[in-house]
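Starting from the structure of chain A, add chain B where the hints point.
There are 2 protein chains.
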Amino acid sequence: MNVYDLTVPQLVKMLKNVDRWLEAAISYAEKKKFDVNNLIKFRLAPDQLAFDRQVQTMCDNAKFIAGRLTGKEWPNHPDTETTFEQLRSRIALVITYLDTFTPEDFVGAEDRKISLPWMEGKWMRGDEYVTQFALANFYFHAVTAYSILRNNGVELGKRDYIGGVPMRS
Amino acid sequence: MNVYDLTVPQLVKMLKNVDRWLEAAISYAEKKKFDVNNLIKFRLAPDQLAFDRQVQTMCDNAKFIAGRLTGKEWPNHPDTETTFEQLRSRIALVITYLDTFTPEDFVGAEDRKISLPWMEGKWMRGDEYVTQFALANFYFHAVTAYSILRNNGVELGKRDYIGGVPMRS
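Note that the protein sequences, when read in sequence, are chains A and B.
All residue numbers for the first sequence refer to our numbering, where the first residue is 1105 and numbers rise by one.
All residue numbers for the second sequence refer to our numbering, where the first residue is 1105 and numbers rise by one.
Same shape as in the complex, but just chain A (with noise of 0.2 Å):
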């Protein structure tokens, strides 16, 4: 299995899942009659992470992903969405962003020393990354703002979060 493969095409389609359940948010909002926007701050502990910053650090989490495994610059995206149509536009970018990775920028990512900004200059492996950190740390966020909408009743579930999966016969 090549790094590519676990990262890139998945980010994406966890992305494309959660714009949907944004959607679903609106849709419920709108049939409820309130302003879907009042969602933004909502949070399961008051010391966590709101709403907004939950979609946000998972987008800047994929952009991070294949930008530090193939060495690659990302955009920046400054946390300032108070809106949920301005918070799919944030995915929308990150997609865009994503789309433009190839397999081949890849190669060698395994081997790639991988140092984040609370790790004082020491690094990982590129592989222990991706299996350890990375993958454990997009799906947080993407589970808590999924849970943050179930939370106040926005109508999802479980296959709204995994998406659509093959089906070979």
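Don't take every hint at face value.
Identical copies go unnamed one by one, so any copy, or any two together, can satisfy a pair.
[Unchecked claim] Calculated pairs, BS3-like style, for lysine-lysine (alpha carbon to alpha carbon, straight line, at most 27 Å):
1) Lys1117 to Lys1226
2) Lys1262 to Lys1120
3) Lys1262 to Lys1145
4) Lys1136 to Lys1226
5) Lys1262 to Lys1167
6) Lys1262 to Lys1135
7) Lys1120 to Lys1137
8) Lys1117 to Lys1167
9) Lys1137 to Lys1117
10) Lys1117 to Lys1262
11) Lys1120 to Lys1226
12) Lys1262 to Lys1217
13) Lys1136 to Lys1120
I should point out that these hints are in silico values taken from the structure, not numbers from a laboratory.
Then chain B, alone, in the frame of chain A:
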């Protein structure tokens, strides 16, 4: 990257992390003087699995991932746990099962046909199963269990979720 490294060691690490979240819940309940098992039926939405089922499902996901990718049988664990200590024993049983696997068991796992109960005879390849379904699903239940505890005041943070990572110099 091979399928063993992507799955077994990280699943074991996450299960050990989850066990520490349960310990943190037990400590929190002692401090606040409530029965920790009051937490067992909490959920973040009325149509979502409760805490006990999140942990049980995550345990099952972990053993299914290893079993399905290698064609080895897995032990049956009826979902009879009603206490935190019983959930901790369930986690320990799954870790013991996962510890029986070696990288050699996973040779060819990426090409194995994986058919899930709801696929009606269709299948995905092992690599697709890991990347597009199994890890996403495992993390879903782990993060949801974590969020239920956080939502109830248990003192946990991101480091408790991620656990230790390699720090090379």
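These are the hints, each one checked on the structure:
no., hint, verdict
1, Lys1117 to Lys1226, "between (31 Å within a copy, 21 Å between copies)"
2, Lys1262 to Lys1120, "both (15 Å within a copy, 25 Å between copies)"
3, Lys1262 to Lys1145, "both (23 Å within a copy, 19 Å between copies)"
4, Lys1136 to Lys1226, "neither (50 Å within a copy, 39 Å between copies)"
5, Lys1262 to Lys1167, "both (25 Å within a copy, 20 Å between copies)"
6, Lys1262 to Lys1135, "within (22 Å within a copy, 35 Å between copies)"
7, Lys1120 to Lys1137, "within (25 Å within a copy, 44 Å between copies)"
8, Lys1117 to Lys1167, "both (14 Å within a copy, 25 Å between copies)"
9, Lys1137 to Lys1117, "neither (30 Å within a copy, 44 Å between copies)"
10, Lys1117 to Lys1262, "both (15 Å within a copy, 24 Å between copies)"
11, Lys1120 to Lys1226, "between (33 Å within a copy, 24 Å between copies)"
12, Lys1262 to Lys1217, "between (35 Å within a copy, 23 Å between copies)"
13, Lys1136 to Lys1120, "within (24 Å within a copy, 42 Å between copies)"
Of the numbered hints listed earlier, those contradicted by the structure are 4 and 9.
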